[in-house]
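Student: Sequence:
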Amino acid sequence: MSVIDDQDVHPLGAAPSVGAEPETARDAVNRMVDAGLLDGLMSKVDAGELALTGDGGFLPEMIKAVLERGLAAEQTAHLGYERGDPAGRGTPNSRNGSTPKTLATEVGDVALDVPRDRAGTFEPRLVPKGSRRTGGLDEMIVSLYAGGMTVRDISHHLARTLGTELSHDTISKVTDSVLEEVKLWQSRPLEEIYPIVYLDALMIKVRDGHQVRNRAAHIAVGVDLDGVKHVLGIWVQAAEGAKFWAGVCAELRNRGVRDVIIVCCDGLSGFPEAIEATWPQSIVQTCTVHLLRAAMRFVSYSDRKKVAAALKPIYTAPTDEVARVELDAFAASDLGRRYPAAVMTWTNAWERFIPFLAFPPELRRIIYTTNAIESLNYQLRKIIKNRGHFPNDDAAIKLLWLAIRDIEDKRARAREKEKGLPAHARRASGRLVEGAVVQGWKQALGALALTYPERLSPYLS
Numbered sequence: 001m002s003v004i005d006d007q008d009v010h011p012l013g014a015a016p017s018v019g020a021e022p023e024t025a026r027d028a029v030n031r032m033v034d035a036g037l038l039d040g041l042m043s044k045v046d047a048g049e050l051a052l053t054g055d056g057g058f059l060p061e062m063i064k065a066v067l068e069r070g071l072a073a074e075q076t077a078h079l080g081y082e083r084g085d086p087a088g089r090g091t092p093n094s095r096n097g098s099t100p101k102t103l104a105t106e107v108g109d110v111a112l113d114v115p116r117d118r119a120g121t122f123e124p125r126l127v128p129k130g131s132r133r134t135g136g137l138d139e140m141i142v143s144l145y146a147g148g149m150t151v152r153d154i155s156h157h158l159a160r161t162l163g164t165e166l167s168h169d170t171i172s173k174v175t176d177s178v179l180e181e182v183k184l185w186q187s188r189p190l191e192e193i194y195p196i197v198y199l200d201a202l203m204i205k206v207r208d209g210h211q212v213r214n215r216a217a218h219i220a221v222g223v224d225l226d227g228v229k230h231v232l233g234i235w236v237q238a239a240e241g242a243k244f245w246a247g248v249c250a251e252l253r254n255r256g257v258r259d260v261i262i263v264c265c266d267g268l269s270g271f272p273e274a275i276e277a278t279w280p281q282s283i284v285q286t287c288t289v290h291l292l293r294a295a296m297r298f299v300s301y302s303d304r305k306k307v308a309a310a311l312k313p314i315y316t317a318p319t320d321e322v323a324r325v326e327l328d329a330f331a332a333s334d335l336g337r338r339y340p341a342a343v344m345t346w347t348n349a350w351e352r353f354i355p356f357l358a359f360p361p362e363l364r365r366i367i368y369t370t371n372a373i374e375s376l377n378y379q380l381r382k383i384i385k386n387r388g389h390f391p392n393d394d395a396a397i398k399l400l401w402l403a404i405r406d407i408e409d410k411r412a413r414a415r416e417k418e419k420g421l422p423a424h425a426r427r428a429s430g431r432l433v434e435g436a437v438v439q440g441w442k443q444a445l446g447a448l449a450l451t452y453p454e455r456l457s458p459y460l461s
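Note that full-length UniProt numbering has the sequence shown beginning at 1, numbered continuously upward.
If you are wondering where the hints come from, they were derived from the structure by calculation, not from laboratory data.
It should be emphasised that the depicted structure is a prediction, and the values quoted were computed from it without experimental measurement.
The C-beta atom is built at its ideal place from N, Cα and C for all residues, glycine as well.
A hint or two may mislead.
Said to hold, decoys possible - Computed cross-link-like contacts, DSSO-like style, restricted to lysine-lysine with a CA-CA straight-line distance of at most 30 Å:
1) 385 / 419
2) 385 / 442
3) 419 / 205
4) 243 / 385
5) 205 / 183
6) 385 / 205
7) 442 / 382
8) 183 / 312
9) 183 / 243
10) 305 / 243
11) 205 / 243
12) 183 / 44
13) 205 / 382
14) 442 / 410
15) 382 / 410
16) 173 / 419
17) 129 / 101
18) 385 / 410
19) 442 / 173
20) 419 / 442
21) 44 / 64
22) 44 / 129
23) 183 / 173
24) 101 / 183
25) 64 / 243
26) 173 / 205
27) 382 / 183
28) 183 / 129
Stated by the list, open to error - Label-pair restraints from in silico Cβ distances:
29) 118 / 251: 25 to 35 Å
30) 169 / 189: 48 to 58 Å
31) 78 / 421: 49 to 59 Å
32) 203 / 150: 38 to 48 Å
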């Protein structure tokens, strides 16, 4: 919603003196509180005699009064004379009544009387022609959508809480307004090198014709040379493994990524081949935590702690030779013979599991698991679990992108509120993924630089 800059109204006192700091909205409210103007109002609200929002509420009526006063001031500036001023007689244009208009706002519908002129040249800026909602309401709709509410849920919520009736089509158009922003984000230029890229997926349901199918929405997080994490993109897997991943890798390369040293993922079919075809020197590292979970699928609940303890010497071994000895020892043990499928899980993934054993502990801690992205996916699953299914892939990507942005924005606001407090008194969470810094990154980068000097030196100088 537009704002009039030249109409400065001070109903509770004189305007600020020349050179004084401009009065903020909070200053104006504080002056009203100090003058006791809100005491009677709040007494009526407490007594149930007056509603603040919704149909006939105080706030919609206040907005109506302010907007209509502003529109009248705009019309006066347009015509060049005040209402009733004799100077307006005989001019080629004049006031011509008003047109009723309902404006949907964050506090309910507001019935406005928009002034007209006889020449039809008055174009209000405060409430532009064709505008049916305030910008704040659009932001509210997008926020509710990002929080996991469906279009139908949002429609019911606005009707119930604000008394504002918006069609499903209108709400869909509001949420679709961010699609262009999503496309720009998904195609933005990237860094030339990411030492580490994490890739993980969450399952979603997408309508395909007359059926609803399970699909994997993959999210890639890259760690740049400063150890800062960035969400590189979101892809919904519609094709089979190798073909799909070839397209993803080509897209990343076209966006500027010339090299990736280590890619941590969950043994995705076709992905290692696509990575090696795009960046031949890259290492594809199977996530150890995913490998443990895959092995535990075949283990009874009563034996899981024992099996986990027996497997630990494998992924904490100093070398891949020692790790192989530990795997053979587990396979020959009572637990290994009882759960041969668990042994087979490790055996099949062995070549993609052992790369990280060649690195020192400070780097192993960073690349042995995709936890850096799993925490994000955990938050996203909470948002999408009650949605049923998405109408198409773009709708799924739109919601996931909005949800990531919404999560980071909420955390940022919480941190801002605690700004200035001592460290022990702060409770706000840090960044979830985007912009977060990898702990122990300096030591990890040093280990990578020693191992791959020819690849990293051009970017570190």
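Student: With reference to the structure, classify each hint as holding or not holding.
Tutor: Hints versus structure:
no.	hint	in the structure
1	385 / 419	34 Å, violated
2	385 / 442	38 Å, violated
3	419 / 205	40 Å, violated
4	243 / 385	28 Å, holds
5	205 / 183	21 Å, holds
6	385 / 205	10 Å, holds
7	442 / 382	33 Å, violated
8	183 / 312	43 Å, violated
9	183 / 243	22 Å, holds
10	305 / 243	39 Å, violated
11	205 / 243	21 Å, holds
12	183 / 44	49 Å, violated
13	205 / 382	14 Å, holds
14	442 / 410	29 Å, holds
15	382 / 410	16 Å, holds
16	173 / 419	37 Å, violated
17	129 / 101	10 Å, holds
18	385 / 410	20 Å, holds
19	442 / 173	46 Å, violated
20	419 / 442	27 Å, holds
21	44 / 64	20 Å, holds
22	44 / 129	36 Å, violated
23	183 / 173	16 Å, holds
24	101 / 183	35 Å, violated
25	64 / 243	57 Å, violated
26	173 / 205	22 Å, holds
27	382 / 183	24 Å, holds
28	183 / 129	29 Å, holds
29	118 / 251: 25 to 35 Å	57 Å, violated
30	169 / 189: 48 to 58 Å	35 Å, violated
31	78 / 421: 49 to 59 Å	50 Å, holds
32	203 / 150: 38 to 48 Å	18 Å, violated
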